[in-house]
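Peer 1: These are the residues of each chain, in order.
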Amino acid sequence: MALRTLINRKTLTTTVPLGFRGLQTFSLPDLPYDYGALEPAISGEIMQLHHQKHHQAYITNYNKALEQLDAATTKGDASTVVKLQSAIKFNGGGHVNHSIFWNNLAPVHEGGGEPPKGSLGWSIDNSFGSLEALIQKMTTEGAALQGSGWVWLALDKEFKRLVVETTANQASCVLLFLQDPLVTKGPSLVPLLGIDVWEHAYYLQYKNVRPDYLKNIWKVINWKYASEVFEKENP
Amino acid sequence: MAATAATSISSPLKCGLFSSTPGFSWSTRSLQFRKNERQNARKATRGVITAKIDLKPPPYPLDALQPHMSRETFEYHWGKHHRAYADNLNKQIVGTELDRKTLEEIILLTYNKGDLLPPFNNAAQVWNHTFFWESMKPGGGGEPSGELLDLINRDFGSFEAFVKEFKTAAATQFGSGWAWLVYKANRLGVGNSVNPRPSEEDKKLEIVKSPNAVNPLVWDYSPLLTIDVWEHAYYLDFQNRRPDYISVFLEKLVSWEAVSARLEAAKARAAEREREEERKKNEYEDDDEVVDNSEPTELYLESDEDDSAAD
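Keeping their order, the protein sequence lines are chains A and B. Start counting the first sequence at 1; every next residue gets the next number (UniProt numbering). Start counting the second sequence at 1; every next residue gets the next number (UniProt numbering).
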């Protein structure tokens, strides 16, 4: 097994334009904290693998898919363009989701686990009864999700309410309308908080006991960030 | 088998996401999963009899595949994950119509043509994991031989080409799932059509991948080999390095004997099924009531009743 090391945050690689069109490539964002800073809720070993290997792989493959898409579009190769859509959704979705996720977490000494105050706190109480009820709901749905995916707290801009949703694999919150035809307001969902329930997010520490991971992650959830996003959409 | 789940999928790398279709011959609404549904007719004097789906251990000790697959992995993968699927399945089916059916029957019934019923996940995962343990052996790897190798060469070009395609399928099954080598018997994917020119070439090996708990039984294929690519299968030993895990599986773990034995069985089943269909066709042709043999049978009814439940 990999040795547990407290490696400092990875330096940001600069974004470089690619090709004559100046195609934007993506790079791994820094974590706003050290790998070991979320212990004991999430181990440093997991944080390092999750960030440096899994998230990086999504970015690498996303960039590759975008390059291929650019080439195929230029050539007018329609079938390749279509075939690339799943790679873009998987890898681009993975990049988007994990970028949100790192901001959803914070060390305890930086406010991780502190309940939301202000308008998000009220809105949670209105929509779910209490913070505990919301936590219970997200924990239950996250534990019940079969296979790989995410559980989200999102703001439905259209109906001005909070919702809890799950997505499979790396499907983004905003793509919910594609997954479930009954839900027609996918594009109006703004993710506030996402919890990764892919096995790589917890296995080395919690093994098969996903519910324990979900119980403990609330101790490092960064409600400040969720509030900021919420207040921006809901001034 | 009455409850077939044949679909119109013909692409070998299809991931198995199907929209639900009506016309399933068992009324799904009658499959109730409440307990105590059944009469107590089978109650013995000493306790209630229920058929349990048993958790079979792998056919080797839990440390037998080290260092390629650790004992720790088996302790969790078999001891926790596989065990939980079996325990949860038994809880779900006790006292229902599914109780006392075979595992394969439960899988096909609860697959429900893609509109999965709750026990499907547990039932299929119980089956998948047993099939996976039996796909491996200590000192495994190497190359297949005999008829299996002949078919691999015929259908993939070479063993190397097969390995490449299998590795790609396993590496690109996004999220949780499985990659399979299957034997596909002579079948068109549409329920009421028959291949007018069947030949040996139609019986071929294919590689397919499936998400989560889905397995090729539901596509009416005969599975020959599988690799589990859920992260729990390799994370303790390989972390994120799924391609390394896949390589080690093929080079050090796969039991080609098991695959060959399954191929034999699959071919025998396919031959039996052909004989059965031939027999039915001949019976039918001798039937006085039918004048024109070339029309599809029983699709056009005089009454307006929807008779889609007819066999």
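Any given hint could be a false lead.
Claimed, not checked - Cross-link-like lysine-lysine pairs, in silico, DSS-like; alpha carbons within 25 Å at most: (1) Lys137/B with Lys101/B; (2) Lys160/A with Lys117/A; (3) Lys215/A with Lys281/B; (4) Lys167/B with Lys203/B; (5) Lys137/A with Lys91/B; (6) Lys83/A with Lys80/B; (7) Lys53/A with Lys91/B; (8) Lys267/B with Lys207/A; (9) Lys207/A with Lys56/B; (10) Lys53/A with Lys137/A; (11) Lys267/B with Lys53/A; (12) Lys91/B with Lys83/A; (13) Lys89/A with Lys167/B; (14) Lys91/B with Lys207/A; (15) Lys224/A with Lys117/A; (16) Lys224/A with Lys207/A; (17) Lys215/A with Lys117/A; (18) Lys203/B with Lys113/B; (19) Lys53/A with Lys75/A; (20) Lys167/B with Lys64/A; (21) Lys167/B with Lys281/B; (22) Lys281/B with Lys267/B; (23) Lys164/B with Lys64/A; (24) Lys160/A with Lys75/A.
Note that these hints are calculated values from the structure, not bench results.
Peer 1: Now tell me, hint by hint, if it's right for this structure.
Peer 2: Hint check results:
no., hint, in the structure
1, Lys137/B with Lys101/B, "29 Å, violated"
2, Lys160/A with Lys117/A, "18 Å, holds"
3, Lys215/A with Lys281/B, "61 Å, violated"
4, Lys167/B with Lys203/B, "23 Å, holds"
5, Lys137/A with Lys91/B, "23 Å, holds"
6, Lys83/A with Lys80/B, "38 Å, violated"
7, Lys53/A with Lys91/B, "39 Å, violated"
8, Lys267/B with Lys207/A, "40 Å, violated"
9, Lys207/A with Lys56/B, "21 Å, holds"
10, Lys53/A with Lys137/A, "30 Å, violated"
11, Lys267/B with Lys53/A, "43 Å, violated"
12, Lys91/B with Lys83/A, "42 Å, violated"
13, Lys89/A with Lys167/B, "22 Å, holds"
14, Lys91/B with Lys207/A, "23 Å, holds"
15, Lys224/A with Lys117/A, "8 Å, holds"
16, Lys224/A with Lys207/A, "29 Å, violated"
17, Lys215/A with Lys117/A, "21 Å, holds"
18, Lys203/B with Lys113/B, "23 Å, holds"
19, Lys53/A with Lys75/A, "33 Å, violated"
20, Lys167/B with Lys64/A, "20 Å, holds"
21, Lys167/B with Lys281/B, "42 Å, violated"
22, Lys281/B with Lys267/B, "21 Å, holds"
23, Lys164/B with Lys64/A, "21 Å, holds"
24, Lys160/A with Lys75/A, "43 Å, violated"
This entry does not satisfy hints 1, 3, 6, 7, 8, 10, 11, 12, 16, 19, 21, 24, going by the numbered hints stated previously.
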